[in-house]
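Using the sequences provided together with the hints, build the complete structure.
Chains U and Y are the protein sequences, given in the same order.
Position one of the first sequence corresponds to residue 1 (my numbering), numbered consecutively onward.
Position one of the second sequence corresponds to residue 1 (my numbering), numbered consecutively onward.
Derived from the structure by calculation, the hints contain no laboratory data.
Hints are supplied without guarantee of correctness; some may be wrong.
Chain Y stretches covered by chain U per the calculated footprint, using a threshold of three residues with CB under 8 Å from any CB of chain U [stated by the list, open to error]:
no., stretch
1, 64-77
2, 102-113
Straight line, CA to CA, 20 Å or less: simulated SDA-like cross-link-like pairs of lysine to any residue [claimed, not checked]:
no., chain 1, residue 1, chain 2, residue 2
3, U, Lys58, U, Ser109
4, U, Lys2, Y, Tyr221
5, Y, Lys28, Y, Lys159
6, U, Lys197, U, Leu166
7, U, Lys142, U, Ile218
8, Y, Lys82, U, Asn219
9, U, Lys297, Y, Lys159
10, Y, Lys113, U, Thr3
11, U, Lys2, Y, Lys28
Selected chain Y positions facing chain U (Cβ under 7 Å, derived; list incomplete) [what the hints assert, rightly or not]:
no., residue
12, Lys7
13, Val85
14, Gln91
We treat Cβ as the ideally placed atom computed from N, Cα and C, and that holds for glycine.
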Amino acid sequence: MKTLRILSRNIRDSFKSVFRNFSLSLASISCITITLIVVSVSMILSLNVNNFTSLIEKDVTIVAFLKTDITEEETDKVYDEIITLDNIEKDNVEFRDKMDISKEMMASSETFKSIMKDWTREESPIQDTFQIKVTDINLIHKTAEEIKNIKNVDVVKYGEGMVEELVKVFDVIRKVSIAIVISLILVTAFLIANTIKITIMSRKREIEIMRLVGASNINIRLPFMFEGLTLGIIGSIIPIIITIYGYNALYNHFDGQLFTQFIKLIKPDSFVYLVSLILLAIGMIVGMFGSIRAVRKYLKI
Amino acid sequence: MDIIRMKNVKKTYKTGTTAIYDLDLNIKKGEFVFVIGSTGCGKSTLIKMLYREEKPTSGKILVGGIDVGKIRNGKVYKLRRKIGVVFQNYQLLQNSTAYENVAFALEVLGLPKSEVHPKVMKVLDLVGLKNKAKQYPNHLSGGEQQRVAIARAIVNGPKILICDEPTGNLDPKTSMEIMEVLEAINKLGTTIIMVTHDIEIVEKLKKRVVLLDSGRIVKDYKEGEYKK
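Here is the structure:
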């Protein structure tokens, strides 16, 4: 009962003092708002970069060309061996018959058609293929080698050299974007904590009096903790609104893709709420711990 | 029975300055003691150690049975609840009324409103400010502000009241009024230790007087002994 009473008094007082020290509260809130907007934008950018790089990576396919004189049973055997490999998306191994490939080529060009139209299955120099997707693109080279070693596989192609370069570049882009977001969050935390510190420093006397009249340290920390929490929550409202409405508007404006169809934006559905939740959490946690840290200074002798 | 016991107390600040040397002082329950001496003699350090604003460097201080030197930072509140402290500059919350300032001391302890109200009104009555409960500190005179501070210090019913130059900012007439309030509180059984520069008051009240000089007690006058 007593704990409840102290808790409710603290929550009530935290709201009171946010309004009573309005100018300083406003400074804290604006600081939180502005920095969280920056964090939100960088997070949206970074997550989208991550998303489209992994989409492109997912599109990379290994093509295994089978020997021209291969029988149907042997083809089945090759398939069985491929799907036992580790780094393979089992549901994404597609067989393409050489006659189907011929047909497609003939359909695409008159020249091909005139050359290929009379080829029989036995005569055709085109090879049957398996198109294979891997789960981890970093291991693609090893997987390609393993496929190559399977009996009746003639040649394996996956854009070697280029794929490795692409993976490297994407890896750097991803790491840099994550580093930017993390450092921005840290800077935000530092800025918010410091603004709150100034707010609390102006209330040094209040803390001194609380100590003097026998308030325990926890009783002194609680109202400031709630106050920091309140500032954090209020400060994250505008960034959250901007995130939800801004990203939806951006997504609809560009029709879900940026400049080309290769750069697909993340669908806003749950994405904006996830980003908003992170913003709210940053605001709350930093607000709370910022004020606890600031008060702690006055609780030592 | 001694409510305060100080034995071989020494206080050296981080700067290397020693403010108190091997001090022994015992104060009985219900006593009224003045601590006097010139500026820098260690008066403030002495009483700051009593409410654990400063820690003794060596020696032992017992306040109401609590070993002040051994108490952890997180437990200082237990000591503070046994004592009331009054300062020269009142230390009131300017945004709160006289009533709220006094009630604050009870609210931080988690007392329900139904208990807070009668207690606050009782002490405001005791210090003669019942009619000014709703006034803010900047609408009160210096003497009245000090009364609010005293009311806040005693609303918990502390056994000890520590006063650090409570009349330092007040004119002689108002100072005497404050002393009357303190005497009344003392008569109710509260032990009072008061640091002051005001020799007139000390002479007039004829209480026990401890004279400090350069961090040492040079004279401990019994009640009525002290003369200018």
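Ascending list of hint numbers which this structure does not respect: 3, 4, 6, 7, 9, 11 and 12
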